[in-house]
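Trainee: The lines below spell out each chain.
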Amino acid sequence: MQPIVSIKNLSKAYSSGHQALKNINLDIQPGEILALLGPNGAGKTTLISIICGIVSPTSGTVTVDGHDIGTDYRHTRELIGLVPQELTLGAFEKVSSTLAFSRGLHGKAPDKQHIEKLLKDLSLWEKRDSILMSLSGGMKRRVLIGKALSHEPRVLFLDEPTAGVDVELRKDMWRLVNRLRESGVTIILTTHYIEEAEEIADRVGIINNGELLLVEDKNALMQKLGSKQLTVELRQPIEAIPESLKDYTLTLSEDGLQLIYQYDTRQERTGITSLMQSINSAGLILRDIHTSQSSLEDIFVNLVTEQS
Amino acid sequence: MNWHAISVIYKAEMQRTRNTLLQSIASPVISTCLYFVVFGSAIGSRIQSVENVSYGVFIVPGLVMLSLLTQSISNASFGIYFPKFTGTIYEILSAPLSFFEVVLGYVGAAATKSLIIGTIILLTAGFFVDLEIQHPFWMLAFLILTCITFSLFGFIIGIWADNFEKLQLIPLLVITPLVFLGGSFYSVDMLPPLWQKISYFNPVLYLISGFRWSFFEVGDVPVGISLLSILAFLAICMAIVWWMFKTGYKLRQ
Ligand SMILES: Nc1ncnc2c1ncn2[C@@H]1O[C@H](COP(=O)(O)OP(=O)(O)OP(=O)(O)O)[C@@H](O)[C@H]1O
Ligand SMILES: [Mg+2]
Numbered sequence: 001m002q003p004i005v006s007i008k009n010l011s012k013a014y015s016s017g018h019q020a021l022k023n024i025n026l027d028i029q030p031g032e033i034l035a036l037l038g039p040n041g042a043g044k045t046t047l048i049s050i051i052c053g054i055v056s057p058t059s060g061t062v063t064v065d066g067h068d069i070g071t072d073y074r075h076t077r078e079l080i081g082l083v084p085q086e087l088t089l090g091a092f093e094k095v096s097s098t099l100a101f102s103r104g105l106h107g108k109a110p111d112k113q114h115i116e117k118l119l120k121d122l123s124l125w126e127k128r129d130s131i132l133m134s135l136s137g138g139m140k141r142r143v144l145i146g147k148a149l150s151h152e153p154r155v156l157f158l159d160e161p162t163a164g165v166d167v168e169l170r171k172d173m174w175r176l177v178n179r180l181r182e183s184g185v186t187i188i189l190t191t192h193y194i195e196e197a198e199e200i201a202d203r204v205g206i207i208n209n210g211e212l213l214l215v216e217d218k219n220a221l222m223q224k225l226g227s228k229q230l231t232v233e234l235r236q237p238i239e240a241i242p243e244s245l246k247d248y249t250l251t252l253s254e255d256g257l258q259l260i261y262q263y264d265t266r267q268e269r270t271g272i273t274s275l276m277q278s279i280n281s282a283g284l285i286l287r288d289i290h291t292s293q294s295s296l297e298d299i300f301v302n303l304v305t306e307q308s
Numbered sequence: 309m310n311w312h313a314i315s316v317i318y319k320a321e322m323q324r325t326r327n328t329l330l331q332s333i334a335s336p337v338i339s340t341c342l343y344f345v346v347f348g349s350a351i352g353s354r355i356q357s358v359e360n361v362s363y364g365v366f367i368v369p370g371l372v373m374l375s376l377l378t379q380s381i382s383n384a385s386f387g388i389y390f391p392k393f394t395g396t397i398y399e400i401l402s403a404p405l406s407f408f409e410v411v412l413g414y415v416g417a418a419a420t421k422s423l424i425i426g427t428i429i430l431l432t433a434g435f436f437v438d439l440e441i442q443h444p445f446w447m448l449a450f451l452i453l454t455c456i457t458f459s460l461f462g463f464i465i466g467i468w469a470d471n472f473e474k475l476q477l478i479p480l481l482v483i484t485p486l487v488f489l490g491g492s493f494y495s496v497d498m499l500p501p502l503w504q505k506i507s508y509f510n511p512v513l514y515l516i517s518g519f520r521w522s523f524f525e526v527g528d529v530p531v532g533i534s535l536l537s538i539l540a541f542l543a544i545c546m547a548i549v550w551w552m553f554k555t556g557y558k559l560r561q
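Note that the protein sequences, when read in sequence, are chains F and W. Under my numbering, the residue at position 254 of the first sequence is numbered 254, and the numbers go up by one with no gaps. Under my numbering, the residue at position 39 of the second sequence is numbered 347, and the numbers go up by one with no gaps.
These aren't lab readings, by the way, just hints derived from the structure by calculation. There could be a bad hint or two in this list.
As the list claims (entries may be wrong) - In silico BS3-like cross-links for lysine-lysine, where the CA-CA straight-line distance does not exceed 27 Å:
| # | chain 1 | residue 1 | chain 2 | residue 2 |
| --- | --- | --- | --- | --- |
| 1 | F | Lys-140 | W | Lys-392 |
| 2 | F | Lys-120 | F | Lys-140 |
| 3 | F | Lys-8 | F | Lys-218 |
| 4 | F | Lys-140 | F | Lys-94 |
| 5 | W | Lys-392 | F | Lys-120 |
| 6 | F | Lys-94 | W | Lys-319 |
Model the full structure from these sequences, guided by the hints.
Mentor: Spelled out as structure tokens, the structure:
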């Protein structure tokens, strides 16, 4: 399938000299949800801004739906909706007219029904005649989402959509994102919150320091990079790890009731079978065992610290 | 052409005017009335006539130009500066719009507003003096050309300015003096020879002279030169705006 967004050798140096993006290559497939994960200043907003036409690239190319963002900007920008990171809104316009404005900017004929539906979907219908200045932060966020969707985009960029958003709105937002995905919209979102990427994305890209460290299917990523932890709970506390178990990288909990074994799912042999046998022959009696997988957060922290 | 975009920008800008009706329409009208009282009646009664036109009538074209220039510049510069300031410019930059369309929307609205103000001032002037316009077509042509050109100029200032001070700087330090010294309230013939020579370096003089010619058939310079100079200034402004968008000057990093 032709990627909906294709980024090739993209670099950006700001006039200050700061190299914000370093040779980014990324293909985004139609209909997927891609989460871009990275610490402050990683270059997420810069990347999005280039694709949307707000910042010009220093080198490299980007195509959207097969069209170059520079030479064929009319086509590409019609397809894109953007919810910016900052709450940038006018002051005195009304909620409904600012949505109509955005729709018009993108070359679409006025459509009262579509705007009405959007306002209702975003729980803004009661506020349709309020001026933007009078809205709360969360409502402004909704208005920005409404503006981005006003022209029925096929690619939606959400730059940290959940910053300053309460649990309720976040849930609403994920419902909306899922509905959009079902209707075939490709969604690219940035976030600092790993749980968010874990919860909603199909693929995760990790950016640090202007470099795209990896892009992986979310599940594969967690499988591939995730180390697992096996916790063995003992019936009787022990004071030290028995000699016969010294070959395994085990840690004993302070109360002496838990043996913790770290292993890597990537490895051919995890060593679990022999460990269990050794525990058995050491005469320890088990109460329970359980495993836990490291979260994206751990993976992320590992990658970023590895790099620096 | 993205006509929908041009139309929404234009309408939004006109709406902004409506929201600040008092400030945008009433204030130029009031200041014009004050000029009439001070210059037309108080001082004008001591001045017989200028080039066979009574002084109160003579200053009308200059007064209209004074408001037109300052209003065009301040409207257009603020119109584009404000989205830059609040950050909402991101929407314009990420929309499928060419520079020409952006200019058409913003400058079109600013020029329309100036045109309305110019008309209102002329009507107001009609209450104070008997106005006869010799060449209505040329009068209108000068009016429209001036509105467009100086709105374009204001647009350039709005993009160039990165703070409110810069936004006010050019209108205050350059335009107002040029208008006052450009023969708004006098004919350059009334100046000593040296100042006459200096005045001819003032581009606004040509503008006011041409506009005044369309009223009374008298001007400091031939009307053709007036027309050419405003067209030249228009061309320069268009070239600058084109260059700004091409290079993304102060808009796209
Ligand atoms: N206009 C600019 N001029 C110069 N440097 C800039 C500009 N905008 C961003 N940068 C720099 O580029 C780098 C990347 O910034 P960017 O906003 O893309 O990061 P980000 O990943 O979105 O961060 P955050 O999570 O804080 O939003 C930062 O070091 C930032 O200081
Ligand atoms: Mg950012």
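Trainee: Find the hints from earlier in the document that the structure breaks and name them by number, from lowest to highest.
Mentor: Result: hint 5 breaks, nothing else.
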